[in-house]
Each structure stands twice: as structure tokens, then as C-alpha cells.
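**Student:** Letter by letter, the chains look like this.
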Amino acid sequence: MNSPKEILLLYATNSGSTFVSGQIIKDVLSPDLAVNMQNTLEFNPVDIKNYDTIILGSPSWESRGEEGMPTETMLKLFDVWSKEDFSNKNFVIYGCGDDAYINFCGAVDQMEKFVNLVKGKLIFSSLRLNAFFFELDKNVELTKKWAIGLKEKLKTLV
Amino acid sequence: MTFDIQNLKTPNACNWCPGCGNFGIWTAFKQAAEKENWNNTNSVIVAGIGCHGHINNFIELSSFEGLHGRSLPVASGIKMVNDRLNVIVFTGDGDCLAEGGNHFMHAARRNQNLTVILHDNAIYGLTTGQTSPRSPHGFKSKSTPDGNLDEPLNPLSLALSAGATFIARAYSGDVPRLTELIIQANQHKGFSVLQVLQPCVTFNKLYTHSFFQENTYHLPADYNPQDKKAAFAKILEWGEKEIPLGIIYQEDRISYEEQIPQIKEAALVANAPEKRDINEILKHYE
Numbered sequence: 000m001n002s003p004k005e006i007l008l009l010y011a012t013n014s015g016s017t018f019v020s021g022q023i024i025k026d027v028l029s030p031d032l033a034v035n036m037q038n039t040l041e042f043n044p045v046d047i048k049n050y051d052t053i054i055l056g057s058p059s060w061e062s063r064g065e066e067g068m069p070t071e072t073m074l075k076l077f078d079v080w081s082k083e084d085f086s087n088k089n090f091v092i093y094g095c096g097d098d099a100y101i102n103f104c105g106a107v108d109q110m111e112k113f114v115n116l117v118k119g120k121l122i123f124s125s126l127r128l129n130a131f132f133f134e135l136d137k138n139v140e141l142t143k144k145w146a147i148g149l150k151e152k153l154k155t156l157v
Numbered sequence: 000m001t002f003d004i005q006n007l008k009t010p011n012a013c014n015w016c017p018g019c020g021n022f023g024i025w026t027a028f029k030q031a032a033e034k035e036n037w038n039n040t041n042s043v044i045v046a047g048i049g050c051h052g053h054i055n056n057f058i059e060l061s062s063f064e065g066l067h068g069r070s071l072p073v074a075s076g077i078k079m080v081n082d083r084l085n086v087i088v089f090t091g092d093g094d095c096l097a098e099g100g101n102h103f104m105h106a107a108r109r110n111q112n113l114t115v116i117l118h119d120n121a122i123y124g125l126t127t128g129q130t131s132p133r134s135p136h137g138f139k140s141k142s143t144p145d146g147n148l149d150e151p152l153n154p155l156s157l158a159l160s161a162g163a164t165f166i167a168r169a170y171s172g173d174v175p176r177l178t179e180l181i182i183q184a185n186q187h188k189g190f191s192v193l194q195v196l197q198p199c200v201t202f203n204k205l206y207t208h209s210f211f212q213e214n215t216y217h218l219p220a221d222y223n224p225q226d227k228k229a230a231f232a233k234i235l236e237w238g239e240k241e242i243p244l245g246i247i248y249q250e251d252r253i254s255y256e257e258q259i260p261q262i263k264e265a266a267l268v269a270n271a272p273e274k275r276d277i278n279e280i281l282k283h284y285e
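Which chain is which? The protein sequence lines are A and B, in order.
Mapped onto numbering that gives the first Met the number 0, the consecutive letters of the first sequence carry residue numbers 0 to 157.
Mapped onto numbering that gives the first Met the number 0, the consecutive letters of the second sequence carry residue numbers 0 to 285.
These aren't lab readings, by the way, just hints derived from the structure by calculation.
Heads up, some of the hints might be wrong.
Per label pair, the in silico range of CB-to-CB distance [said to hold, decoys possible]:
hint, chain 1, residue 1, chain 2, residue 2, range
1, A, Ser-86, B, Ser-160, 56 to 64 Å
2, A, Asp-98, B, Lys-34, 52 to 60 Å
3, A, Asn-115, B, Arg-176, 17 to 25 Å
Dumping the calculated DSBU-like pairs for lysine-lysine here, alpha-carbon to alpha-carbon at most 35 Å [said to hold, decoys possible]:
hint, chain 1, residue 1, chain 2, residue 2
4, A, Lys-82, B, Lys-240
5, A, Lys-25, B, Lys-141
6, B, Lys-34, A, Lys-48
7, A, Lys-144, A, Lys-154
Short, incomplete list of chain B residues facing chain A, as computed with Cβ under 8 Å [said to hold, decoys possible]:
hint, residue
8, Pro-17
9, Phe-22
10, Gly-23
11, Ser-209
12, Ala-269
All C-beta atoms in this analysis are idealised placements derived from N, C-alpha and C, irrespective of residue type, glycine included.
Model the full assembly from the supplied sequences, consistent with the hints where possible.
**Tutor:** Structural data, given as C-alpha cells:
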């Protein structure tokens, strides 16, 4: 496996929950690990070459006619990268959703599929957050706990 | 730590629809409050009626909510009594531009030092989806099933022509930039209007998150917000990939409060009313 230099935390967000949970993850990982947090809206796809470890985050929405998908901004990046070989990169995935919908956190499943498609390495179990803002205390704690576990995992790669 | 989302927490859980743009505004405001140290000793929030108005229940700050369209008169009164307070107004496109349209114009020309955060979802969401002053021509809703016959109102051209001295626009899904614009609007000495494009994910299927993500752009660094004519032109831009975000206009002009000598040394609330013996006057009319 590759050792993490600066980690890319690439998030898509609509209502802000994936952004806020991303901030919590970044706070837990820092300052021991350098994390560059970027919005998919403004990320230049060629810049992925600068990172060995990438955390992907997206809410689940209806995109391209299907429910339970990553946002269009994330899918556009996947379109660009779909022919790449990322076997030298580590990936970690988190997402926000609502279990009132059939495909709860379907975006997480889709992002995992993408990582497999480009031969990336999923190095940690994905985080699925339910109703982030509605059960804020529980979700903040859940995110912190998951990020602490992730930090330990990433430190073993250094 | 970057930001504590539990800052200014209340016992009430948010009750907006999943994916609502109000969450972004709420998050950005709390980030701004944390950065600027807004608390119950220095700040007060005022909201009108609408989905936006619930925000008062989810931020632990002194607040007032009530009377549709009357958030600005209440805020104006609070500011007059205690101009040292940081007064922030949350209002919706219905609340601000329909029921409260008259107040909006006159508050703008008065240039009171108020920060107006205009939640613009182009629909009446709380009443389950009726056409608002921001709904586009042809827009179909429960109140206009055959399509809206009216043209939408542009709140920023209205604010600019009425005399507002800080005019900006943001998208609710971009929390970092929205946070900074809330802070800049609040730091401006005068009447600040920040229009926040915020999708109503349940009732407005036109102005979605994707729509704003695809059709907005950020004003370039060399844009001069002090050029009023350029600001007018910029405000009129609205279309495919043609919706500008950022500070569109800013003018350094004396505020309403700064022109009142009686509150120069101390806020009105700090000046106890002078007690006068009216018996002498009463005797005069005996």
C-alpha cells in the first residue's frame, strides 16, 4: 500500500451535511495528517495525480435519472477518471443519506463501485450517515469515532 | 478545530425537508457566528414567516419571529433602541418581497446598519408550494396551475435602486463562501442585502441544487463593486451559466444611526428617560 502524503478529502454537497461531516473528519485527522479539503464543484480532475490517498464524500440524490446516486458534480469527475488506473491510490468513502429512501446512502455504494472500476484500494470501511442534521449529536459522535479509527489506519501506512 | 456545528445549539432539532437549502444557510450563519463571536450579549436575530423563519428555533441567540413581512420593521426598531447590537434579519422571498416589500424598499433607502439574509427559494414553501414574487414567468404551482403570468421581481435591483449600500448574492450549498459573505455583509456599516439562492427541494423542481451549481459563477477578482452602473448590469444577469455570485455592490455611505446625535455617546436603551414632575403642568391647566 502507498503511504499517505497530503490526503485529499474530496466532497460533494448540497445541503451542507457532507461538507460539515467532512470538516469533522478533517479536524480529527489533523494536524497529525495533512488534509486538503476540496469541493467537487471546483476540483480540477488532473490534480488527482498529486494524491496517493483520497477520501470521497457525497450525499445520495437523484442523478442521471436514478435515485441513490452521488451528485452530478462527483459523477462528472468519475466520467473523466473512468479509464484511469488508480491501483497505486488508496481510497476511503463516506456519505450522507436518509433511510426513509429505498437506496439509503446509495451514493456510497456507487463510489465503492467506482473505486473498484479504477482498481483503487479501499482501505477502510465506508461511513454511512443517516439523517445527519436531524440527529446531529449522534452523527457528530459517529463521524468522530469513525475518523479516529481511520486516523489509526492511515498512520499505519506512514 | 475548523468549526463546531454544535455551537449555538438549541434543544430543537431542525425540521426542514432533507436536502433543503436552509441547512446551508443555518450552517454558514453558525460558522460566521463562531468566527465573529456573535452571542447573546452582542447579537439578535429577527425572522419573518416562512420556512426560513424556523431558523430562530435552531440558533441560540436572542430572537424575534412574527408577523408576515414585518421582520424589517422589528429589526429597525431593535436597532434604534440599541444600535450597539448586531442585528441580523432572516427573511424569505415571499416575506421580504411580497408581504414586506414596502418595508424592504424603505429600509434600503434609510441605510440602517442591518444585515438582511434573504432566503430565496422562489416559492412559498411553508404553505406547500405557491408562486412567490421570485417565481419565474410561466412557473406552474398550486396557485398558478396554468403558469405564472407575472414576471419575477429582482430583489437586488430593487435594493440597489432603493439605496442599499451592500449587495451580494450566494448559493446555499457553498457553505465556506456563504460564511464569508455573511461576515462581510455584517461588517459593512449600512444596509446589507445578501440574497441566498436556496433550493426548495420539495416544491420547486426548477431551481434545484444542480441548477445553481451549473448556472452560477463567481465574480472575478478584478470586478469593481463600487461601480454602480456595472452593478446594475451585473444584477440583471440571470440565465444559463450567467448568475453572478459575490459582492455585487458596496458603497461607503453614512448610516442612519450615525446621523442621530442623541445616540452618539450611548445607545438609546442606556439613556434612562428623564423623570419630570408633571404636577406643575397640571396645575397650569387648573
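**Student:** Please go over all the hints and tell whether each is borne out by the structure.
**Tutor:** Evaluated hints:
Between A:Ser-86 and B:Ser-160 the C-beta distance comes to about 59 Å, which sits within the given range of 56 to 64 Å. Taken as a hint, the range 52 to 60 Å is violated for the pair A:Asp-98 and B:Lys-34, whose Cβ atoms sit roughly 34 Å apart. At about 34 Å, the beta-carbon gap between A:Asn-115 and B:Arg-176 misses the expected band of 17 to 25 Å. With a C-alpha separation of about 28 Å, the suggested pair A:Lys-82 and B:Lys-240 falls inside the 35 Å cut-off, and the hint holds.
Distance hint between A:Lys-25 and B:Lys-141 is unfulfilled; the C-alpha atoms sit about 44 Å from each other, more than 35 Å. A distance of roughly 34 Å separates the Cα atoms of B:Lys-34 and A:Lys-48; the hinted pair therefore holds under the 35 Å criterion. Distance check on the hinted pair: A:Lys-144 and A:Lys-154 sit about 16 Å apart at the alpha-carbon level, within 35 Å; holds. A hinted interface residue such as B:Pro-17 counts as satisfied when its beta carbon comes closer than 8 Å to some beta carbon of chain A; here the least separation is about 5 Å, so the hint holds.
For the restraint placing B:Phe-22 at the interface with chain A, the shortest Cβ-Cβ distance is roughly 4 Å, inside the 8 Å limit, so the hint holds. With a cut of 8 Å, the hint placing B:Gly-23 at the interface with chain A holds, because the nearest CB-to-CB distance is about 4 Å. The criterion of a C-beta within 8 Å of any C-beta in chain A is met by B:Ser-209, whose closest approach is roughly 5 Å, and the hint holds. The criterion of a C-beta within 8 Å of any C-beta in chain A is not met by B:Ala-269, whose closest approach is roughly 38 Å, and the hint is violated.
Violated hints, in rising order: 2, 3, 5, 12; the structure is consistent with all others.
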